[in-house]
Amino acid sequence: MTDTLILAAVAYDAKVVTIWDGFQKWFAARGLAFDYVLYSNYERQVEQHFDGAFHVAWNSPLAWLQTDRIAKARGRTARAVAMRDTDMDLSSVLVVRADSKAQTVADLRGTTLGVGAMDSPQATMIPLEHLAQQGLLADRDFRVRRFDVLVGKHGDHIGGERDAAKALMTGEVDAACMIDSNHLLFTQEGTLPRAQTRVLSQTGLFDHCNVSVLDGAPESLVARFCDLLLSMRYDDPVARPLLDLEGLKQWRPGRTNGYATLARSCDRFRWIDRFVQSMQP
Amino acid sequence: MMSNAAIDLADLGLDFGATVLLRHALLALAPGDRLTVHGVAPSLDLHLRAFARAEGHGFESADDEHSRGTLVRGTATNARWVGAQRAGSAAPDGAMDHANATWGLAARGAQVEAGAPAFAFALADKDEIWSDNAGQLYRAAAAAQWDPASAIPWDAPRTHPAFVEDALVQVLTYLIENETAALIVPAHFCAKVHPHFREVVQLLAIQAADEARHIEVFTRRALLARDQLGLSTGGGQASLQTLIDEPDFALASFLLSVLGEGSFLNLLGFLQTHAPDRCTAEVMRLAAVDEARHVAFGMSHLLRHAAHDSTLRPRLRVAIERRHEMLRHTAGLNAEVFDALVILAAGALTPAAIARGHAAVADLQTQMDSGRRARLRRLGFDDREAAQLSSLHTRNFM
Ligand SMILES: [Fe+2]
Ligand SMILES: [Fe+2]
Chain X
80 MTDTLILAAV
90 AYDAKVVTIW
100 DGFQKWFAAR
110 GLAFDYVLYS
120 NYERQVEQHF
130 DGAFHVAWNS
140 PLAWLQTDRI
150 AKARGRTARA
160 VAMRDTDMDL
170 SSVLVVRADS
180 KAQTVADLRG
190 TTLGVGAMDS
200 PQATMIPLEH
210 LAQQGLLADR
220 DFRVRRFDVL
230 VGKHGDHIGG
240 ERDAAKALMT
250 GEVDAACMID
260 SNHLLFTQEG
270 TLPRAQTRVL
280 SQTGLFDHCN
290 VSVLDGAPES
300 LVARFCDLLL
310 SMRYDDPVAR
320 PLLDLEGLKQ
330 WRPGRTNGYA
340 TLARSCDRFR
350 WIDRFVQSMQ
360 P
Chain U
735 MMSNAAIDLA
745 DLGLDFGATV
755 LLRHALLALA
765 PGDRLTVHGV
775 APSLDLHLRA
785 FARAEGHGFE
795 SADDEHSRGT
805 LVRGTATNAR
815 WVGAQRAGSA
825 APDGAMDHAN
835 ATWGLAARGA
845 QVEAGAPAFA
855 FALADKDEIW
865 SDNAGQLYRA
875 AAAAQWDPAS
885 AIPWDAPRTH
895 PAFVEDALVQ
905 VLTYLIENET
915 AALIVPAHFC
925 AKVHPHFREV
935 VQLLAIQAAD
945 EARHIEVFTR
955 RALLARDQLG
965 LSTGGGQASL
975 QTLIDEPDFA
985 LASFLLSVLG
995 EGSFLNLLGF
1005 LQTHAPDRCT
1015 AEVMRLAAVD
1025 EARHVAFGMS
1035 HLLRHAAHDS
1045 TLRPRLRVAI
1055 ERRHEMLRHT
1065 AGLNAEVFDA
1075 LVILAAGALT
1085 PAAIARGHAA
1095 VADLQTQMDS
1105 GRRARLRRLG
1115 FDDREAAQLS
1125 SLHTRNFM
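Chains as they are written, first to last, in the working numbering: chain X, 80 to 360; chain U, 735 to 1132.
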């Protein structure tokens, strides 16, 4: 079935089926045969990508780095061909209670930091790197309390960040990490009650998911897929519910310059070394 | 020409409603226009970036101390309303000839987003259901709702003999099962009519509510002096089953409202006249007032339907004939109900009184027949057809 473009995604939620079924119909109406496979975790997806089980992967930022590093080790090349407008220029924050004595990140020394799942870029890896760059090393200078919800999903599930925010309010942790949009959500929904918390520090900007391709993928098929993806318009009533579900207004060409902080975090903390090594040929 | 606008949110944060002000301000801008945001709420710049990303706008960090950042209006804001369609008009004459499935539950006259889900309302053509007086009938029905607790003299004296009370309880038992059919039929079609035809849906809903009240008052009257109800026959239920099983709105409405409830108008009048107590008389009078509206709606939407569809009258004829065939081997009105009606009109168990009662019931049946024939003629059947079709109507009355 080389005339069918096959995409892989991780089923972090049941709605993933609705999304890709919808995309399948939308692509079919435009003459592209499209199919998808779902994995329960990103590591399996990355592994199968190198086995040639599908053509393009809808990857978390961490899965992108895993793919990129394994590709380099194997003398292959990985590309990011598309991403959502909402995947660009994100930031995470470290939140403390309003009455906390901490005024700068240095004041977190000796405290407990609540983070998301151990494989969450936005709620664990990037904030820990952000602190390390300012001289504060996890487990040496402060304790880390992980809120592991759905490990393997690379933090796609919001639960870990919400649990960390709740733990901040109960006093179980002294600071909590979350992505900027969840900070807005948690303050709106009251998980972080009004005027009872304060943002201690904000990370630099980083990018999130992308559609990744390995060398050797059928080029014209992938090009057709990308062209169609980038042509999806929010004013198309058939596409709009899919874009709403997937959380974007517009697909953008992929870029890979927004993963530097995550890459440094992986270098420093060796988050993915074992997995990448296990994938050596 | 790109324009630059500014907004001051003072101390209002995006977590406490500032998004309303931002969306309002952005709506007034064109894609590419810039909105510089001022304010002193904590985390405002952080939240502006998250808001911009989620809503498809650009965001630029503040380059001076006076602002908290600048939103660059994206294209998604109004994109949702491209191709949106107004679902007719809310005015009384605003119903369209056909209601689109994707208008769904939207208010008539609302602007409906393209791509909204399609709803499977089976009755979406105006000609099948509409009547120009539906709105007026609904308002009349709403104004005429009565409270059983206060509208009926439940404590009025009862001086009639026990056998008259027994006869009344038997008639009420029969009425209750008929009212139940009369509730189920409009309730069933209420859920099938496209809500675009708001007045029809409202009217069917209040019609069902009327029947619910009739069930209540007949039951309550029956239990005033007895702790059990009377008999229900298979033949009576078979007749009603053909009513609630009729899938076609026009045919069901014809059989129920025009023929059945039409006949019931005479029956309720008879029961009011021969009621053994004031409570019963008032129950029958109030029910008859409601029934008159049910008959009126049935007549007017069928008249309109027949004017637009020449195949309707032949189908109505077939419906009566088919129902007659289905019921020809059933007993029709059960003997217990017939006898009870005679006793109510007689008031005494003497040959002379029973003769009077029997004549009154015969007279009732003649009135029912002439009422049905008059309505059939109004629907365009000639005298001969009207007489023939009326005679085929179920002997169970409803
Ligand atoms: Fe009734
Ligand atoms: Fe009725």
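These are calculated hints, taken from the structure and not from any lab test.
Some hints here could point you the wrong way.
Claimed, not checked - Derived list of chain U stretches under chain X, where covered just means 3 residues or more per stretch with a C-beta under 8 Å from a C-beta of chain X: (1) 737-749; (2) 814-823; (3) 1012-1023; (4) 1036-1043; (5) 1117-1128.
By construction, the Cβ of each residue, glycine as well, lies at the ideal position given by its N, Cα and C atoms.
**Given coverage of the stretch 1036-1043 of chain U by chain X, tested with a Cβ cutoff of 8 Å and a minimum of 3 residues** = violated (count 0)
**Asked** According to a criterion of three or more residues whose C-beta lies within less than 8 Å of a C-beta of chain X, is the stretch 1012-1023 of chain U covered?
**Response** violated (count 0)
**Request:** Check whether three or more residues of the stretch 737-749 of chain U sit with their beta carbon closer than 8 Å to a beta carbon of chain X.
**Result:** n = 3 at 8 Å, threshold three: holds.
**Request:** Take the stretch 814-823 of chain U, compare each residue's beta carbon with every beta carbon of chain X, and decide whether three or more fall closer than 8 Å.
**Result:** holds (count 3)
**Request:** Mind taking a look at whether chain X covers the stretch 1117-1128 of chain U? Criterion is 3 or more residues with CB to CB distance under 8 Å.
**Result:** Contact hint for the stretch 1117-1128 of chain U vs chain X: violated, 0 residues under 8 Å.
In terms of the numbered hints stated before, the structure departs from hints 3, 4 and 5, listed from lowest to highest.
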